[in-house]
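Undergrad: When you get a sec, could you build the whole thing from the sequences and use the hints?
Numbering (our numbering), first residue to last: 445 to 530.
Source of the hints: derived by calculation from the structure; they are not laboratory data.
Possibly wrong hints are sitting among the right ones.
[As the list claims (entries may be wrong)] With a straight-line cut-off of 25 Å between C-alpha atoms, the simulated DSS-like cross-links for lysine-lysine are: (1) K457 / K525; (2) K457 / K497; (3) K525 / K479; (4) K481 / K457; (5) K514 / K482; (6) K497 / K479; (7) K482 / K457.
Note that the structure is a prediction, hence the values are computed from the model and not measured.
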Amino acid sequence: MFGIFKKESNNNKLIAFDGEAAYHGEHGRVIVTHKNKKYMGREISFAFIGALKVPTLTLEVVQQIYAEAKSQGYVVHEIVKYATID
Numbered sequence: 445m446f447g448i449f450k451k452e453s454n455n456n457k458l459i460a461f462d463g464e465a466a467y468h469g470e471h472g473r474v475i476v477t478h479k480n481k482k483y484m485g486r487e488i489s490f491a492f493i494g495a496l497k498v499p500t501l502t503l504e505v506v507q508q509i510y511a512e513a514k515s516q517g518y519v520v521h522e523i524v525k526y527a528t529i530d
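TA: Quick look at the structure:
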């Protein structure tokens, strides 16, 4: 979907959340709920996997963050922090 992302063999994920995000560099933080991990209103980090440059925050990027989170069992309540790397 995004041309700036390079898909890696990480189950075709574009965004890593929580502890996995540390391996890819933190690009932002979100408030989430996750039933299996028993998270409720917990702030966790996220990172774009293989991104050479963090994209500008647009509606499309926000939708991608929410969709990727949902596919990994998270329900995003709020994006708390979004950082771009130069």
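Undergrad: Next, verify each hint and record whether it holds.
TA: Do the hints match the structure? See the list:
1. At most 25 Å may separate the alpha-carbon atoms for a hinted pair to count; K457 and K525 meet this at roughly 21 Å.
2. Taken as a hint, the K457 and K497 pair is honoured in the structure, with Cα atoms around 17 Å apart against an allowance of 25 Å.
3. Between K525 and K479 the alpha-carbon distance is near 23 Å, which keeps this suggested pair within the 25 Å criterion.
4. Taking the CA atoms of K481 and K457, the gap is about 19 Å. The hint holds against a cut of 25 Å.
5. For the hint pairing K514 with K482, the CA-to-CA distance comes to about 15 Å; that is within 25 Å, so the pair holds.
6. Restraint check for K497 and K479: not satisfied, since their Cα atoms lie roughly 32 Å apart, outside the 25 Å limit.
7. Simply put, K482 and K457 have alpha-carbon atoms about 22 Å apart, close enough for the 25 Å limit, and the pair holds.
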